[in-house]
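Chemist: Listed here are the chains, written in short residue letters.
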Amino acid sequence: MNIYDIVFYLFAAITLVSAFFVVTTRNIVYSAFNLLFTFFGVAGLYVLLGADFVAVVQIMVYVGGILILILFGVMLTNKITNVQIKTGTLQVIPAVIGVLLLAGVLIFKVFLGTEWKSVKTDIPVKTTAFALGKLLITDYVLIFELLGILLLVVLIGAATIARREK
Amino acid sequence: MLTEFGKIFVFILLAAVFVVVAIFASKLIRPARPTKEKLLTYECGENPEGSPWIKFNIRFYVVALIFLIFDVEVVLLFPWALAYKDYGLSGFLVGAIFLLVLGLGMAYEWRKGDLEWARPVINPPVIKKQPYVKEVASQISADDNQTVLQDQEI
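In order, the protein sequences belong to chains A and B. Position 153 of the first sequence, counted from 1, bears residue number 152 in numbering that gives the first Met the number 0, the numbering being contiguous throughout. Position 136 of the second sequence, counted from 1, bears residue number 135 in numbering that gives the first Met the number 0, the numbering being contiguous throughout.
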């Protein structure tokens, strides 16, 4: 067990534990706060996979943007702490069957049935941002511009919905 | 051999250790004699009233929404900014068109006034102008309206 394994298990534990608290806590503010650690742990896992650009995007967009948006959404709700979150346990037996089926497929077919290949390399992984930029300018230039138009549509749509009616 | 992300990880570890050690050490050293007043939330000496969770104004949400969209835009611009020099003018134009399209959205928001704060409208009380009479002004017992008038003239 080398240092990378330890770091991997650390980030995996952070992700899983905080995700568990996101789902189970009754206070919606604590839930949003735990989501921070979930996003952060996932970013750490991306780094360990060598996807450095995705990791930075994860921090920038999810932690820096979407989490802020969720927190504002929480703050905008009328009652924050006293709200009764209705999460009763209904339909236990069908739920157990469904979860067992899904977990069985995941474990026996996907997890055990896949030939996992790991490439041993001593070469440090190069940054992917430069290669991504090259692809955006050459092969995927149309998609790049279409993304700009998509963002424009989102921008105008969001502003129109959020605008106060006069 | 430490990679760049390894250095960041060391920083994160140090930050976490710093906080834990500081809190634990101070817990060991300090005397703990809590009273009811000490345990109150500190609010500049006042007794706290009501819940600290207040409802935010909707305009913060709109700004956060616009910020998120430009955040995504920056994410797409980073790789372009690293690579565009290798492709000369055409590489530059790719990003320029992208920025132009989003600038259009920015201009739209600006024109529509979505970037403006919804400021509260202030209506100051209007004081009716009275004819300024010297004899009245010379009187010591001038009433309130006239003192205001005199202040304005000074």
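In short, the hints are calculated from the structure, not lab data. Nothing here was measured: the structure is a model prediction, and the numbers come from that model. For each residue, glycine too, the CB sits at the ideal point set by N, CA and C. Careful, some of the hints might be misleading.
Said to hold, decoys possible - So these bits of chain A aren't anywhere near chain B, every CB distance computed over 10 Å:
| # | residue |
| --- | --- |
| 1 | ASN1 |
| 2 | LEU15 |
| 3 | THR24 |
| 4 | SER30 |
| 5 | GLN90 |
| 6 | LEU100 |
| 7 | LYS133 |
| 8 | THR137 |
| 9 | PHE143 |
| 10 | LEU154 |
| 11 | ARG162 |
What the hints assert, rightly or not - Only pairs whose alpha carbons sit at most 25 Å apart, straight line, appear in this in silico DSS-like list of lysine-lysine:
| # | chain 1 | residue 1 | chain 2 | residue 2 |
| --- | --- | --- | --- | --- |
| 12 | A | LYS125 | B | LYS84 |
| 13 | B | LYS37 | A | LYS133 |
| 14 | A | LYS125 | B | LYS6 |
| 15 | B | LYS37 | B | LYS26 |
Chemist: Each hint should be assessed against the structure and marked as holding or not.
Modeler: Taking the hints in turn, this is what the structure says about them:
1. ASN1 (chain A), annotated as away from the interface, keeps every beta carbon of chain B farther than 10 Å; the closest lies near 13 Å.
2. For LEU15 (chain A), the shortest C-beta to C-beta distance to chain B comes to about 18 Å, beyond the 10 Å cut-off, and the non-interface label holds.
3. Non-interface status of THR24 (chain A) relative to chain B is upheld: no Cβ of that chain comes within 10 Å, the nearest being about 16 Å off.
4. The non-interface label for SER30 (chain A) is consistent with chain B: the shortest C-beta to C-beta separation is roughly 14 Å, beyond 10 Å.
5. The Cβ of GLN90 (chain A) lies farther than 10 Å from every Cβ of chain B, with a closest approach of about 33 Å, so its non-interface assignment holds.
6. With a minimum CB-CB distance of about 37 Å to chain B, LEU100 (chain A) clears the 10 Å threshold, and the non-interface call stands.
7. LYS133 (chain A), annotated as away from the interface, has a beta carbon of chain B within 10 Å; the closest lies near 5 Å.
8. Once the 10 Å rule is applied to beta carbons, THR137 (chain A) is inconsistent with being away from chain B; the minimum gap is 8 Å.
9. Under the 10 Å C-beta cut-off, the non-interface status given to PHE143 (chain A) relative to chain B is violated; the minimum distance is some 6 Å.
10. Some Cβ of chain B comes within 10 Å of the Cβ of LEU154 (chain A); the nearest lies about 4 Å off, and the non-interface call is violated.
11. Distance to chain B contradicts ARG162 (chain A) as a non-interface residue, since its nearest Cβ pair spans about 6 Å, not more than 10 Å.
12. Of the supplied pair hints, the one linking LYS125 (chain A) and LYS84 (chain B) holds, its CA atoms being roughly 19 Å apart against a limit of 25 Å.
13. The suggested pairing of LYS37 (chain B) with LYS133 (chain A) is violated, with an alpha-carbon distance near 61 Å, which exceeds 25 Å.
14. Only pairs whose Cα atoms come within 25 Å are accepted, and LYS125 (chain A) paired with LYS6 (chain B) is accepted, the gap being roughly 16 Å.
15. For the proposed pair LYS37 (chain B) and LYS26 (chain B), the alpha carbon gap of about 16 Å is at most 25 Å, so the pair holds.
Hint check: violations occur at hints 7, 8, 9, 10, 11, 13; the rest are consistent with the structure.
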